[in-house]
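J.: Using the sequences provided together with the hints, build the complete structure.
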Amino acid sequence: MKNLDTTLRHLLAGVALGALTIAAPAFALQHEPAKPTAEKKQDQKKTDEDAKDAKDGDKKEDAKGDDKKKKKKKDKTLEEVVEKFEAIDGFFKMYRDKKTGDLYMELTEDQLDKEFIYFSQIVDGPGAGGTFRGAYRGTKVIKFSKHFQNIEITEQNANFYFDPDNALSRAKEANVDSASIFVKKFKAKSKDGKSFLLAVNGLFKSEALSQIKPPRFPGARPGQFFTLGKLSGSKSRITEVKNYPENTSITTDYVYTNATPLNGGNGGITDARNVTVRLNHTILAMPENDFKPRFDDARVGYFLTYVNDMTNPSATPWRDVIHRWNLVKKDPSAAISEPVKPIVWWIENTTPENMRPVIKKAVEAWNIAFEKAGFKNAVQVNIQPDDADWDAGDIRYNVLRWTSSPQVRFGGYGPHFANPRTGEILGADIMLEYAFLTNRLNSAELFETSGLALSQEAEETRHLNFYQKHEQICSMAGQLQMSNMLGNMFATTMDAGPDLSTKLVEESIYYLMLHEVGHTLGLNHNMKASQALAYEDAHDISKQGGGLVGSVMDYPSINIAAKGKEQAHFYTVRPGDYDIWAIQFGYSPDMDDLATRGAHLARSNEKGLAFGNDADDMRAPGGGIDPRINISDLTDNAVQYAQDRLELEADILANLKDKYTKEGRSYQELRNAYLILTGDMFSQGRTVSRYIGGVYVDRSVAGQDGANAPYVPVEEAKQKQAMKLLRDFIFSPDAFNTDPELLQHIALQRRGFTQRAGGNEDPKLHGRAAAVQANVLAHLLHPRVLTRITDTQLYGNTYSVTEMMGDLTDAIFEDDSRRAVNTYRQQLQVSYVNRLIGIFRSTNNPIPNRASYDHIARSNAFGNLRKIAKDMTRWRGGASTRAHRDHVKFIIDKALEVNNG
-5 MKNLDTTLRH LLAGVALGAL TIAAPAFALQ HEPAKPTAEK KQDQKKTDED
45 AKDAKDGDKK EDAKGDDKKK KKKKDKTLEE VVEKFEAIDG FFKMYRDKKT
95 GDLYMELTED QLDKEFIYFS QIVDGPGAGG TFRGAYRGTK VIKFSKHFQN
145 IEITEQNANF YFDPDNALSR AKEANVDSAS IFVKKFKAKS KDGKSFLLAV
195 NGLFKSEALS QIKPPRFPGA RPGQFFTLGK LSGSKSRITE VKNYPENTSI
245 TTDYVYTNAT PLNGGNGGIT DARNVTVRLN HTILAMPEND FKPRFDDARV
295 GYFLTYVNDM TNPSATPWRD VIHRWNLVKK DPSAAISEPV KPIVWWIENT
345 TPENMRPVIK KAVEAWNIAF EKAGFKNAVQ VNIQPDDADW DAGDIRYNVL
395 RWTSSPQVRF GGYGPHFANP RTGEILGADI MLEYAFLTNR LNSAELFETS
445 GLALSQEAEE TRHLNFYQKH EQICSMAGQL QMSNMLGNMF ATTMDAGPDL
495 STKLVEESIY YLMLHEVGHT LGLNHNMKAS QALAYEDAHD ISKQGGGLVG
545 SVMDYPSINI AAKGKEQAHF YTVRPGDYDI WAIQFGYSPD MDDLATRGAH
595 LARSNEKGLA FGNDADDMRA PGGGIDPRIN ISDLTDNAVQ YAQDRLELEA
645 DILANLKDKY TKEGRSYQEL RNAYLILTGD MFSQGRTVSR YIGGVYVDRS
695 VAGQDGANAP YVPVEEAKQK QAMKLLRDFI FSPDAFNTDP ELLQHIALQR
745 RGFTQRAGGN EDPKLHGRAA AVQANVLAHL LHPRVLTRIT DTQLYGNTYS
795 VTEMMGDLTD AIFEDDSRRA VNTYRQQLQV SYVNRLIGIF RSTNNPIPNR
845 ASYDHIARSN AFGNLRKIAK DMTRWRGGAS TRAHRDHVKF IIDKALEVNN
895 G
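Residue numbers (my numbering): -5 to 895.
Hints were generated in silico from the structure; no laboratory data involved.
Each computed DSS-like pair below joins lysine-lysine, with the alpha-carbon atoms no more than 30 Å apart:
(1) 188 - 92
(2) 714 - 601
(3) 137 - 229
(4) 236 - 224
(5) 134 - 188
(6) 181 - 87
(7) 653 - 497
(8) 166 - 178
(9) 718 - 601
(10) 888 - 864
(11) 134 - 179
T.: Here it is, written out as structure tokens:
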């Protein structure tokens, strides 16, 4: 009971308290507003905020609605936007704002997600900036796509093929990149929503479609080369828009600015702070015709588009398509028929009139080859009228163009552009430089290297440079210019009449045109074709029939009569046997039959049909393996032909001063003659040196009649003949000994301050000799060559590294063993010893694909160094010779001591 009473009391107290508590607020409300508790304050705040948010939300929705109405009013249709613009009808309809000059492109639904061909070409540009008039910048497949409100341009990858009947074709886009090169929101769409207006200033004023500025060369010193500055968006401008039914062409002046250039370029650069490059962009329709792609074969040389068949299990799953024109017979049943659409060339009206006839004749000479392929008048030539309403840059015309530039990157250049999907050639040009016919040398070159044959290192750099991977580089005209200067020197020193000089010029133009037109027909270089002519027939014009080489696509030596011989042709003046055979392969409709094609290609090992291109040639030290694939050589006995030339040049050198000294004239011509003559010694030394350690290559297929093994080492007798020639003419103590009176007169003609550009003007005679000898040594002692000599001993080579290096050491030292060492030989011997030390002290190169010296090369370098050191103590000679021999011994002892330590 007690517990119950206690509980009731507590309960009653709680109720009474509750009544009091509840009553208080009721009483208070009569006098002032109640103050809510903290919890109720939060609840009230939230309620008020929600109400405000709802109210504000309504306002926002109303505002959005108002904005939508306003926006709806602001959005203009395509038709309204372009109402006051200039319309330029054509393939892609273009519009230009008359006030601002801004450019717009109209894209229709039919043009979206469809492939087009993009092509670019330099209209004009300074050679110092890596550009020049007419340079082709490459071809690509592009596609326009719409993604919500954006238009995207992508470059398509054309390097892979999937058989559509193979299930793998469903994965054809796996791991293959399509490069996004431009994205922009479209400005307006048409009333019917089927067309879109795209502002394209940013597309055509940037490098989105085509890279113009070359990359920085790795390792280059600041200011070593002229470089373009930063692309200026404000100074660059679209200068011209041309629209045709099947292509749209946009020309842009790209202006590159550099406030503080370290290199001012050459005379072609007006102000290195502001340099303009004019580029033409062209977008073409993807051809829709019956063109049949033709696939490449390694035995014949065409430019091609690389295509990998990803559904072919073969060891060589390639569907590389060759580049060729779409020639179709008017009468398919006729053995020879005119084409439906011939290849038409126009000689630009800038071409000197006296040269037009020989140019026309040379171009049309290719019809000899096309007739064998079943086409009559396939190549036709017209002359551009002076009042023509079209310009040479119009891609609808194939034009032979002529220029005279301050810095020449070529003398002739014959590029073409083709459909990347099929290989069909769509257009071509040929650029000719007047410098090709002049007797001037590049004044910027140093005495040591001026007039030498093509720079091997520069050639390799250009081919490896990704920036120029699409350019079809050709140095034929530069080669011909040097050769013509040599030919003129021969004519001058032999007191030949003017007729011989006229013949030289005409044949060189003829050959250049044949060569460059060959490129535009799809043919690439054939550096093996100079082997076609028998050595015995080199100077017998009755046995040449107008041809000295198997192909006009070679860079052969000029054919100058040896001592006691009559002058025959200087150059080939007709397409060669290989050229005719190659054109048949590329263009004859009969080649669509696999059996006919196979029989045709089976002739590839015939002497006049030999082929090897730039990828195989041996112009660069260590490059290539077949010495027959080279430049500046001639006949099937190139070593003997080179010896004849070197003997002739020794005689010419003796009479040079008398023949090139003219009263009242400077000695510049004499200087040039000396440089050209010694430059050809460089060429002959290079040709001969490549036979040492060489391997003959035969690309016949298995079972082909008349085929040799793919790799056959050069016979020992030929290698030793080459070594003896090098010893007698390149390394000999007398190799560069020249009449001192001649050397006193090879003076540079003064022009302002330019004679100081490369240092003091005195001729650097030892540097000249070193440049000639260095190329030969660099090849003979190249790690690839020394390794190959050892490897080939396992399959037929009998001239070992030990014997070769011993013969080379004797060639450089033996003739001085009992006499004073002249300064040319002192320089050569020190250079050689340092190269041997470099071999001995070398280690394996960790960089992939970089050659390293093997232990056999290092051992033989060590052995020759010890022999040379011992020989330096035998016969001492005079003060200069003693000092030199002590120096050589010290260098060797020091090198061997370091390694022994």
